[in-house]
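What follows is the residue order along each chain.
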Amino acid sequence: MTLTLTPTEITVVLVLFTIIMIIIIWLLLGKPVIVPNVTVATDKSSYFREESVQIAGTLVSNGNPLVGQTVGISIQPPEGDAYSLPQVTTDAEGAYVSSWAIPADAIEGSYGLIVASVGVIGTTTFTPRNQ
Amino acid sequence: MSKINRNLVITAETLGVLGLLIFGLSALTPLTDEYMIRSTASLQTPPNVEVYWDITTLELITEIAWGELEPSETKSITVYTKNVGNTDFTCYITTVEWTPINAEDYITLDWDFGNSPLKVGRIRTTVITLRISEDITVITNFSFNIIVTAVEA
Numbered sequence: 000m001t002l003t004l005t006p007t008e009i010t011v012v013l014v015l016f017t018i019i020m021i022i023i024i025w026l027l028l029g030k031p032v033i034v035p036n037v038t039v040a041t042d043k044s045s046y047f048r049e050e051s052v053q054i055a056g057t058l059v060s061n062g063n064p065l066v067g068q069t070v071g072i073s074i075q076p077p078e079g080d081a082y083s084l085p086q087v088t089t090d091a092e093g094a095y096v097s098s099w100a101i102p103a104d105a106i107e108g109s110y111g112l113i114v115a116s117v118g119v120i121g122t123t124t125f126t127p128r129n130q
Numbered sequence: 000m001s002k003i004n005r006n007l008v009i010t011a012e013t014l015g016v017l018g019l020l021i022f023g024l025s026a027l028t029p030l031t032d033e034y035m036i037r038s039t040a041s042l043q044t045p046p047n048v049e050v051y052w053d054i055t056t057l058e059l060i061t062e063i064a065w066g067e068l069e070p071s072e073t074k075s076i077t078v079y080t081k082n083v084g085n086t087d088f089t090c091y092i093t094t095v096e097w098t099p100i101n102a103e104d105y106i107t108l109d110w111d112f113g114n115s116p117l118k119v120g121r122i123r124t125t126v127i128t129l130r131i132s133e134d135i136t137v138i139t140n141f142s143f144n145i146i147v148t149a150v151e152a
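Which chain is which? The protein sequence lines are C and X, in order. Once you know that position 96 of the first sequence is 95 in numbering that gives the first Met the number 0, the rest is easy, because the numbers rise by one and skip nothing. Once you know that position 125 of the second sequence is 124 in numbering that gives the first Met the number 0, the rest is easy, because the numbers rise by one and skip nothing.
Treat each hint with caution, since some may be false.
[To be verified] Computed Cβ-Cβ distance ranges for the label pairs, DEER-style:
| no. | chain 1 | residue 1 | chain 2 | residue 2 | range |
| --- | --- | --- | --- | --- | --- |
| 1 | X | Glu96 | C | Thr126 | 46 to 56 Å |
| 2 | C | Val66 | X | Pro46 | 27 to 37 Å |
| 3 | C | Asp104 | X | Asp104 | 43 to 53 Å |
[Said to hold, decoys possible] Residues from chain C shown here face chain X by an in silico Cβ test under 7 Å; the list is partial:
| no. | residue |
| --- | --- |
| 4 | Ser73 |
| 5 | Pro77 |
| 6 | Asp80 |
| 7 | Ala81 |
| 8 | Ser83 |
| 9 | Ile113 |
| 10 | Ala115 |
Keep in mind that the hints were calculated from the coordinates and are not lab data. Cβ coordinates follow ideal geometry from the N, Cα and C atoms, glycine included.
In isolation and in its complexed conformation, chain C is listed as follows:
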């Protein structure tokens, strides 16, 4: 078997190969990737100690609610160990709610509220303040 290519044919093959590679890369990178999104918010940005923080958010994917998904919730104080809140489940609208009573001995500073579900994370912060 003998395959003879002229310089012109080699150029054509290389150009075609380059075009095919560009198309493959374009298809791979240009394809929309659907990533779920979880939101989280509190009813206020600062609270008195022993006051209840109302937590709410939604879990959607490409604009559609993700129903019946477990949402994990934690609260990270400025120092020390995090607080664990009971897991909740998203409703028919992809929404979830929770609450947390700020301890009487809560230290001052910014508290991080972290939620996670289906591999995505949402965060926000709030602050306890003195009476």
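Once you have looked at the hints, place chain X on chain C.
Frame of chain C; chain X shown alone:
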């Protein structure tokens, strides 16, 4: 004046030689690999302790795959220890059931839980560190169990 033939001629023999060359190089590749060690560790906890991959406590850990390691390598992972009991405790770990048995001579495991008690319902960020001795030889796969012990504060 001689005319230079700039055409590219590919014969069956050329293709065969190229194929043999590629096959030969791929066969030689393992000889140039570094000494790699693979490991897994199962994690056993008492009823009042749970260890998670994430701070939101969705992914419970039952086994840790350390991946590929080299002699002298140190690998750390961050885990989240939760007190799901009714009393505060401090935590310790021990390692048991090493396979092969002598792997224990070359591998150490540390856990930086600290000395302060973990309160009920709280989660502590904990780093587990695996260290491989530079003297390790022969062992290419090992496994062991991590036993977490909670001591009431």
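Item to complete: Go through the hint on Pro77/C and say holds or violated, using the shortest Cβ distance to chain X against 7 Å.
Response: For Pro77/C, the interface hint is violated, since the closest Cβ of chain X sits about 14 Å away, which is over 7 Å.
Worksheet item: Given Ser83/C as an interface hint, is the shortest Cβ-Cβ distance to chain X below 7 Å?
Response: holds (5 Å)
Worksheet item: Against chain X, is Asp80/C within 7 Å by beta-carbon distance?
Response: This interface hint holds because 4 Å falls under the 7 Å limit.
Practice prompt. For the range 27 to 37 Å, tell me whether the beta carbons of Val66/C and Pro46/X fit it or not.
Written response: holds (32 Å)
Worksheet item: Does Ala115/C pass the interface hint, meaning its C-beta sits closer than 7 Å to a C-beta of chain X?
Response: holds (4 Å)
Practice prompt. Let me know if the C-beta of Ser73/C comes in closer than 7 Å to any C-beta of chain X, holds or violated.
Written response: It holds, given that the least Cβ distance between Ser73/C and chain X is near 5 Å, below 7 Å.
Practice prompt. Could you tell me whether the CB distance from Glu96/X to Thr126/C stays inside 46 to 56 Å?
Written response: Because 48 Å falls inside the window, the suggested range holds.
Worksheet entry | Asp104/C versus Asp104/X beta-carbon gap, inside 43 to 53 Å or not | holds (47 Å)
Fill in: Minimum beta-carbon distance criterion (7 Å), Ile113/C to chain X
holds (6 Å)
Worksheet item: Given Ala81/C was flagged as interface, is its beta-carbon under 7 Å from a beta-carbon of chain X?
Response: Holds - the Cβ of Ala81/C comes within 7 Å of chain X, reaching about 4 Å at its closest.
Hint check: a violation occurs at hint 5 only; the rest are consistent with the structure.
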